[in-house]
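Chains as they are written, first to last, in numbering that gives the first Met the number 0: chain R, 0 to 218; chain Y, 0 to 279.
Keep in mind the hints are simulated off the structure, nothing from the lab.
Hints should not be assumed to be uniformly reliable.
[Unchecked claim] To give an idea of the chain R side of the interface with chain Y (calculated C-beta under 8 angstroms), a few residues:
1) 73
2) 76
3) 180
[What the hints assert, rightly or not] BS3-like, lysine-lysine: derived pairs with alpha carbons at most 30 angstroms apart:
4) Y:229 x Y:28
5) Y:79 x Y:257
6) Y:136 x Y:213
7) Y:79 x R:17
8) R:123 x R:213
9) Y:79 x Y:213
10) R:116 x R:213
11) Y:57 x R:17
12) Y:57 x R:158
[Claimed, not checked] Chain R stretches covered by chain Y per the calculated footprint, using a threshold of three residues with CB under 8 angstroms from any CB of chain Y:
13) 4 to 15
14) 90 to 97
It should be emphasised that the depicted structure is a prediction, and the values quoted were computed from it without experimental measurement.
A virtual CB, placed ideally from N, CA and C, is assigned to each residue, including glycine.
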Amino acid sequence: MDFSFLDQLWVARFPLLKGLGVSISISLSSIVVGTVLGVFVGLALTYGVRPLKWLVRGYTDFIRGTPVLVLVLASYYVLGTVGINLGPFQAGVLALAIFCSSHVGELVRGALQSIPKGQTEAAKAIGLTFPQTFAYVLGPQALRQALPAWVNTAAEMVKASTLLSIIGVAELLLRTQEVISRTFMSLEFYFFAGFLYFVINYGIERFGRYVERKTAVPS
Amino acid sequence: MIKTLTMAASFAVAALAAMPAAAQQPSSKLDEVLSRGHLILGTGSTNAPWHFKSAEDKLQGFDIDMGRIIAKALFGDPEKIEFVNQSSDARIPNITTGKVDITCQFMTVTGERAQQIAFTIPYYREGVGLMLKADGKYADYEALKAGGSSVTVSVLQNVYAEDMVHAALPEATVDQYESVDLIYQALESGRADAAATDQSSLAWYMTQNPGRYKDAGYGWNPQTYACGVKRGDQDWLNFVNTALHEAMTGVEFDFYAKSFKTWFGKDLMPPQIGFPVEYK
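Hey, can you work out the whole structure from these sequences and the hints?
Structure representation (structure tokens):
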């Protein structure tokens with residue numbers, strides 16, 4: 000049994016590797032786009048003027064309160080009916096990036112609000128502009144605060160990438176299911192896929208730790 | 000200057016050539032597919048022997064062959080297909096939102112679905128069977144029926160799943176699973192005593208695993224499989240119907256019969272020559 004699983008794994012190596020590649024590129028692009036968007040969302044939530052703040056608050060609450068699967072289906076089907084025809088891959092990445100941005104937005108808001116107000120005032124007192132204050136005073140501290148939670152969100156995105164199999168993106172889970180439908184070895188191949196997802200998430204976690212070390216306050 | 004003139008002339012010729020076509024009634028999906036040069040077929044990739052990947056990572060199966068029949072009728076080339084990979088849930092949405100020209104994905108014809116999409120003529124009649132482990136507790140259908148509610152049947156998730164199993168085993172416990180391989184897994188691991196699914200799938204699985212399983216010897220619940228297209232385009236529907244019909248009764252019969260033999264292991268009798276079989 001074990002021997003034949005390894006055999007089947009060898010036969011299926013290219014489809015599974017391709018699936019792994021697609022999963023990684025979905026996760027990576029949605030995390031990058033979502034994080035960049037999320038930082039702006041967080042800034043708007045913390046420092047935005049009233050109407051903007053309300054607007055962005057509505058956006059985050061709505062997106063965070065919606066299941067990712069619904070977002071994925073909506074961006075694939077609903078956008079199509081209003082004339083924006085995205086392929087399954089683009090539609091999926093869009094949905095995940097938007098979901099990610101709402102989470103990162105809240106992380107950034109929380110991190111920024113945890114910094115005592117006195118620091119902003121001190122920065123103003125020595126004549127820093129707001130972008131400078133953010134870049135030299137608030138940003139680095141907020142980064143330290145938000146990093147562990149960000150790693151968590153990034154890992155969530157990797158897991159959410161499996162939902163794209165519903166709209167036919169040939170990511171790792173769908174590739175695995177394809178192999179299973181031919182070999183009928185569900186336990187073995189699902190376990191293998193689980194292992195690969197763990198490896199990706201472990202990589203993200205190590206990356207997070209690395210950045211944490213780099214940005215730690217020297218003691 | 001001469002270049003510009005030539006271009007203008009060629010545009011004029013092109014416009015003239017296009018006019019008769021434009022003068023016809025609003026164009027059908029058929030014209031769209033023909034001018035595009037390939038068929039966009041919606042189907043899955045995870046259900047043997049209907050639509051699944053070979054070891055070489057190529058889509059194959061009976062549904063895929065139905066698509067090939069249509070592509071061959073359109074272009075004389077069964078390979079001119081662009082596959083849109085979709086889950087079962089996506090079959091009807093992808094038709095109604097125009098993401099596919101046609102879907103062939105073991106779709107059961109129901110009145111409910113026929114209100115949303117237009118079904119082609121059937122290309123297969125499915126029935127449900129029960130598969131048991133060869134060395135399992137229950138010997139056959141009678142033993143399962145005698146087992147009452149202590150018998151657990153694994154079945155593919157479906158609106159009709161519960162009723163379907165209870166039609167054959169009124170007291171059995173029904174466990175629904177997301178995909179075909181999981182219902183076999185439930186049987187294999189002992190979480191279920193029998194797997195109930197389409198007889199085509201069972202036959203395929205038993206030939207892949209000789210000696211490990213057996214058929215309980217009872218079949219029920221006929222259902223019709225047909226492809227689906229968007230409603231309101233009679234031209235396109237007629238074309239697809241003609242292609243499928245001639246594959247089952249006419250010039251493409253050999254193609255259909257060969258596919259039938261490959262995936263279901265049965266030889267088909269050629270249609271009777273002479274008086275058309277349709278009117279018998």
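How the hints compare with the structure:
Annotation: residue 73 (chain R) was flagged as interfacial toward chain Y, and the flag is violated, the nearest CB pair being 11 angstroms apart, outside 8 angstroms. For residue 76 (chain R), the interface hint holds, since its Cβ comes within 8 angstroms of a Cβ in chain Y; the closest pair sits about 6 angstroms apart. For residue 180 (chain R), the interface hint holds, the least distance from its beta-carbon to any beta-carbon of chain Y being 4 angstroms, beneath 8 angstroms. With a C-alpha separation of about 9 angstroms, the suggested pair residue 229 (chain Y) and residue 28 (chain Y) falls inside the 30 angstroms cut-off, and the hint holds.
Between residue 79 (chain Y) and residue 257 (chain Y) the CA atoms are separated by roughly 20 angstroms; this keeps the pair inside 30 angstroms, and the hint holds. Between residue 136 (chain Y) and residue 213 (chain Y) the CA atoms are separated by roughly 12 angstroms; this keeps the pair inside 30 angstroms, and the hint holds. Annotation: proposed proximity of residue 79 (chain Y) to residue 17 (chain R) holds, straight-line Cα distance about 24 angstroms (limit 30 angstroms). A threshold of 30 angstroms between alpha carbons decides the hint, and for residue 123 (chain R) with residue 213 (chain R) the separation of about 27 angstroms falls inside it, so the pair holds.
Using a Cα cut-off of 30 angstroms, the hinted pair residue 79 (chain Y) and residue 213 (chain Y) is violated, with the two alpha carbons roughly 39 angstroms apart. The straight-line distance between the Cα atoms of residue 116 (chain R) and residue 213 (chain R) is roughly 25 angstroms, inside the 30 angstroms bound, and the hint therefore holds. A threshold of 30 angstroms between alpha carbons decides the hint, and for residue 57 (chain Y) with residue 17 (chain R) the separation of about 14 angstroms falls inside it, so the pair holds. Simply put, residue 57 (chain Y) and residue 158 (chain R) have alpha-carbon atoms about 27 angstroms apart, close enough for the 30 angstroms limit, and the pair holds.
Here's how the stretch 4 to 15 of chain R fares: 4 of its residues keep a CB closer than 8 angstroms to some CB of chain Y, so the rule of at least three is met and the hint holds. Chain Y is given as covering the stretch 90 to 97 of chain R, and this is violated because 0 residues of the stretch bring a CB closer than 8 angstroms to a CB of that chain, at least three being needed.
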